[in-house]
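Enquirer: The lines below spell out each chain.
There are 2 protein chains.
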Amino acid sequence: MRDERRYQRAVERLTKIAEEIYEQLDQGQIPKMVIPLRTKSNIRFDLKKGVWKYGRATGARTAKKMRGAQMLLRTMYMLDFIQEMIKENKSSTLREMYYISEGWEKAKFSAQDESNMLAEDLEIVTSCMREDFKLRPEEDGARVMGNVTIIETDRKGKKKKINCRDDVGDSGYSIPYNVEKEKLSFKELDADFAIAIETGGMFDRLVENGFDESARCVLIHLKGQPARSTRRFMKRLSEEMGLQVVTFTDGDPWSFRIHASIAYGAIKTAHISEYLATPAAEFVGITATDILNYELPTDKLTDRDVQALKAELTDPRFKDHFWKTEIETMLEMNKKAEQQALAKYGLEYVTSTYLPEKLTEMGIIT
Amino acid sequence: MRDERRYQRAVERLTKIAEEIYEQLDQGQIPKMVIPLRTKSNIRFDLKKGVWKYGRATGARTAKKMRGAQMLLRTMYMLDFIQEMIKENKSSTLREMYYISEGWEKAKFSAQDESNMLAEDLEIVTSCMREDFKLRPEEDGARVMGNVTIIETDRKGKKKKINCRDDVGDSGYSIPYNVEKEKLSFKELDADFAIAIETGGMFDRLVENGFDESARCVLIHLKGQPARSTRRFMKRLSEEMGLQVVTFTDGDPWSFRIHASIAYGAIKTAHISEYLATPAAEFVGITATDILNYELPTDKLTDRDVQALKAELTDPRFKDHFWKTEIETMLEMNKKAEQQALAKYGLEYVTSTYLPEKLTEMGIIT
Chain H
3 MRDERRYQRA VERLTKIAEE IYEQLDQGQI PKMVIPLRTK SNIRFDLKKG VWKYGRATGA
63 RTAKKMRGAQ MLLRTMYMLD FIQEMIKENK SSTLREMYYI SEGWEKAKFS AQDESNMLAE
123 DLEIVTSCMR EDFKLRPEED GARVMGNVTI IETDRKGKKK KINCRDDVGD SGYSIPYNVE
183 KEKLSFKELD ADFAIAIETG GMFDRLVENG FDESARCVLI HLKGQPARST RRFMKRLSEE
243 MGLQVVTFTD GDPWSFRIHA SIAYGAIKTA HISEYLATPA AEFVGITATD ILNYELPTDK
303 LTDRDVQALK AELTDPRFKD HFWKTEIETM LEMNKKAEQQ ALAKYGLEYV TSTYLPEKLT
363 EMGIIT
Chain L
3 MRDERRYQRA VERLTKIAEE IYEQLDQGQI PKMVIPLRTK SNIRFDLKKG VWKYGRATGA
63 RTAKKMRGAQ MLLRTMYMLD FIQEMIKENK SSTLREMYYI SEGWEKAKFS AQDESNMLAE
123 DLEIVTSCMR EDFKLRPEED GARVMGNVTI IETDRKGKKK KINCRDDVGD SGYSIPYNVE
183 KEKLSFKELD ADFAIAIETG GMFDRLVENG FDESARCVLI HLKGQPARST RRFMKRLSEE
243 MGLQVVTFTD GDPWSFRIHA SIAYGAIKTA HISEYLATPA AEFVGITATD ILNYELPTDK
303 LTDRDVQALK AELTDPRFKD HFWKTEIETM LEMNKKAEQQ ALAKYGLEYV TSTYLPEKLT
363 EMGIIT
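In the order they appear, the protein sequences are chains H and L.
Heads up: the first sequence runs through residues 3 to 368, numbered per this note's numbering.
Heads up: the second sequence runs through residues 3 to 368, numbered per this note's numbering.
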């Protein structure tokens, strides 16, 4: 039924952690666990792969101190819980795991931040992903509309073939929280590119205007900063199906970061950038130049916006000429705009004029 | 293709507003528009129907004052825009309409609050719903999993038959923003009740545990305070299909309000409570009593929680014995709990023990 190899590998690697601790104790040593340092100074931009990654600096979590000993104890409980889930074919939200620890006595977490952090540590040490541990976030997957056919293996192990245009309602196909190969595979694709859209309003606009058909593209709703499953879905579309991905967001510093996290990875998930990032993704807009060229309705930048833009000027992900110019232009005019501001020219404008113009300029459509 | 009668009726009623203004001008009167007062004092709880409604107090918006004249002008532009959309078979988000007004010169809105408010005014005056005007919010519809078959008329007018368990992935069926009869109808139903769930984590838990099959129910994800389309979907399931709806939320004052808005309507949408509210909906938990009986992990009430609970004690929606006791118990113990806190007893507990016990107690299952 399911492809269990990924889970098997996760169990093996988790078992190895427990064995190492056991051996240290057996040899009369005070046990410790070595993990990469998760400080900002240990994150570097991998120019070759074009994504964020952790550097080589490591730190040891040792049982010499009370706090370190408690973390090792928690690690052992968590290893056990994950193995149990894999055995039972269950999964759990990060929130549920936090509550599960109520039964772990001295190893009980005092806040969910702690249990989330430990789950990330285990990802780093094992080079597996949280999904391999059957742990998932609260966040919802996004929606997809377009002529792509996927095979989803459902909770009962049954394979369902779903065309994300013909077999779903106008709300589209909902991306599940796990989009790894054993859960989801791509069967057929008849599209020239994918467009990842920040807001639900704009996603529904492109659906209503039939842009997926007229421009032969797959529409993906990001829901703001996209969930891991959404980024992984795009990465796989890009890599396995060779589909060009473009991002279409609001024109402000936070939306620029949405694009950066899709294309280059985010600091928080630097240890799995290679799984999540789509370095080939391009930004279609809204740019600062668009605000000027299309005379869009704007809002003034807030102090926080200005700070964020200034921080982006020193961020290696924004160091090329395009981003430097756009960020400086935005700072200069002191204005931002939303993607829905294109409605100023009517409901058709975005699909009849703006996107065709911009996508032609970028060479995505001819 | 589409059942256009609802839209026709909306156009007729909107035209009537314009005609009345025109007649007043024609007779040399200063034009005005009469609308129910939207103050808290003019909202009353309709005991017979069990929902919130506006009272009989009205106010006049007259062109005597600059601001009133501007609002009447905006009303005319908006009437025109809505008629245009209905003619073109388009729809628009409330945000888009705000931007559309950029082209309305003196009638341009200065904030989206103003355009949203006017859309609500038109709902009240015409007794139509925003959906009849082709206006929709940004908010996403929720997800559904269970053995109910719906017919959705898609954007091209094609009727699609979708079973919300067999024809969708594990993420379920996404409720579209319009669930009126011309868009969505119920074809078949094989379930004993529907359970409306506050958090995505708990929805996915019940899906994974197969509760829709083992308990013969339809699972509906509320996503916090539910969107209008979600409330309307439940209302129709309850009324047209005779399905009992129960709500399953966190145990805190804000979640109690989620239940109240489902069962009795919300103040903001008091003018359409009869369309949105499901007075037959019952609350399964988490109650204050559950926190005690099941010894759930808790958090302390914040000052805002305490204020909200105290306000609920004077809210007519919470005036029966059950709610009075639960609210007072919660205030007394000064604690709240999340629905996922049930994970303290393992991932199966909610479906093997908690829900069966509570639903049996309520007489929903036997």
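I should point out that these hints are in silico values taken from the structure, not numbers from a laboratory.
Predicted, not measured: the structure shown is a model, and the values here were computed from it.
Even glycine gets a Cβ: it sits at the ideal position worked out from N, Cα and C.
You may find that some hints are simply not true.
In silico BS3-like pairs for lysine-lysine, Cα to Cα no more than 25 Å straight-line [said to hold, decoys possible]:
hint, chain 1, residue 1, chain 2, residue 2
1, L, K321, L, K346
2, L, K162, H, K163
3, H, K162, L, K162
4, H, K158, L, K326
5, L, K161, H, K110
6, H, K92, L, K185
7, L, K108, H, K337
8, L, K326, L, K337
9, L, K66, H, K337
10, L, K162, L, K185
11, L, K67, L, K34
12, H, K55, H, K189
13, L, K110, H, K225
14, L, K189, H, K162
15, L, K326, L, K51
16, L, K183, L, K270
17, L, K67, H, K160
18, L, K110, H, K302
19, L, K185, H, K108
20, H, K163, L, K108
21, L, K163, H, K162
22, H, K110, L, K337
23, L, K162, H, K189
24, H, K163, L, K110
25, L, K67, H, K225
26, L, K346, H, K108
27, H, K92, L, K321
28, L, K108, H, K346
29, L, K163, H, K189
30, L, K108, H, K302
31, H, K163, L, K158
To list a few chain L residues with every Cβ distance to chain H over 12 Å, as calculated [claimed, not checked]:
hint, residue
32, Y24
33, I32
34, E116
35, R145
36, I164
37, K185
38, R218
39, H223
40, S231
Enquirer: Would you mind marking each hint as holding or not holding in the structure?
Expert: Outcome of the hint check:
Restraint check for L:K321 and L:K346: not satisfied, since their Cα atoms lie roughly 32 Å apart, outside the 25 Å limit. Distance hint between L:K162 and H:K163 is fulfilled; the C-alpha atoms sit about 16 Å from each other, no more than 25 Å. Between H:K162 and L:K162, the direct Cα distance comes to roughly 17 Å. Compliance with the 25 Å bound is thereby established for this hinted pair. Restraint check for H:K158 and L:K326: the C-alpha separation of about 43 Å exceeds 25 Å, so the hint is violated.
Note on L:K161 and H:K110: the hinted pairing is violated, with a Cα-Cα distance of about 52 Å set against a maximum of 25 Å. Distance check on the hinted pair: H:K92 and L:K185 sit about 37 Å apart at the alpha-carbon level, beyond 25 Å; violated. Pair hint L:K108 plus H:K337 holds up; C-alpha atoms about 23 Å apart against a cutoff of 25 Å. Distance restraint check for L:K326 and L:K337: the Cα-Cα separation of roughly 16 Å lies within the 25 Å cut-off, and the hinted pair is therefore satisfied.
Distance check on the hinted pair: L:K66 and H:K337 sit about 37 Å apart at the alpha-carbon level, beyond 25 Å; violated. Between L:K162 and L:K185, the direct Cα distance comes to roughly 10 Å. Compliance with the 25 Å bound is thereby established for this hinted pair. For the suggested pair L:K67 and L:K34, the alpha carbons sit about 11 Å apart, so the restraint of at most 25 Å is met. The hinted pair formed by H:K55 and H:K189 fails the criterion: a straight-line CA distance of about 31 Å is larger than 25 Å.
A distance of roughly 29 Å separates the Cα atoms of L:K110 and H:K225; the hinted pair therefore is violated under the 25 Å criterion. Restraint check: the Cα-Cα separation between L:K189 and H:K162 comes to about 22 Å, which is no more than 25 Å; the hinted pair holds. A threshold of 25 Å between alpha carbons decides the hint, and for L:K326 with L:K51 the separation of about 21 Å falls inside it, so the pair holds. A hinted pair counts as satisfied when its Cα atoms are at most 25 Å apart, and L:K183 with L:K270 qualifies at roughly 24 Å.
Between L:K67 and H:K160 the CA atoms are separated by roughly 66 Å; this puts the pair beyond 25 Å, and the hint is violated. Only pairs whose Cα atoms come within 25 Å are accepted, and L:K110 paired with H:K302 is accepted, the gap being roughly 18 Å. A C-alpha spacing of about 55 Å is found between L:K185 and H:K108, which places the hinted pair above 25 Å, so the restraint is violated. With a C-alpha separation of about 53 Å, the suggested pair H:K163 and L:K108 falls outside the 25 Å cut-off, and the hint is violated.
Between the alpha carbons of L:K163 and H:K162 the distance comes to roughly 16 Å, so the proposed pair stays at or under 25 Å and holds. Under the criterion of a C-alpha separation no larger than 25 Å, the hint pairing H:K110 with L:K337 is consistent with the structure, at around 20 Å. A hinted pair counts as satisfied when its Cα atoms are at most 25 Å apart, and L:K162 with H:K189 qualifies at roughly 22 Å. Of the pairs offered as hints, the one joining H:K163 and L:K110 is violated, with about 48 Å between alpha carbons and a cut-off of 25 Å exceeded.
Proximity of L:K67 to H:K225 is assessed by CA-CA distance (about 42 Å); at most 25 Å being required, the pair is judged violated. With a CA separation close to 15 Å, the supplied pair L:K346 and H:K108 stays within the 25 Å bound. About 41 Å separates the Cα atoms of H:K92 and L:K321, which puts this hinted pair outside 25 Å; it is violated. With a C-alpha separation of about 15 Å, the suggested pair L:K108 and H:K346 falls inside the 25 Å cut-off, and the hint holds.
Between L:K163 and H:K189, the direct Cα distance comes to roughly 22 Å. Compliance with the 25 Å bound is thereby established for this hinted pair. Taking the CA atoms of L:K108 and H:K302, the gap is near 22 Å; set against the 25 Å cutoff, the hint holds. Annotation: proposed proximity of H:K163 to L:K158 holds, straight-line Cα distance about 22 Å (limit 25 Å). The non-interface label for L:Y24 is consistent with chain H: the shortest C-beta to C-beta separation is roughly 26 Å, beyond 12 Å.
The Cβ of L:I32 sits about 32 Å from the closest Cβ of chain H, beyond the 12 Å cut-off, so the non-interface label holds. For L:E116, the requirement that its beta carbon stay farther than 12 Å from each beta carbon of chain H is met, with the minimum near 15 Å. Residue placement check: L:R145 does not keep its beta carbon more than 12 Å from all beta carbons of chain H (closest about 6 Å). Listed as a non-interface residue, L:I164 fails to keep its Cβ farther than 12 Å from every Cβ of chain H; the least gap is roughly 6 Å.
The claim that L:K185 is not at the interface with chain H is violated, since a C-beta of that chain comes within 12 Å of its own (minimum 8 Å). Every beta carbon of chain H lies more than 12 Å from that of L:R218, the smallest distance being close to 16 Å; the non-interface claim holds. For L:H223, the shortest C-beta to C-beta distance to chain H comes to about 8 Å, within the 12 Å cut-off, and the non-interface label is violated. At the 12 Å boundary, the C-beta of L:S231 falls inside the reach of chain H, the nearest C-beta of that chain being 10 Å off.
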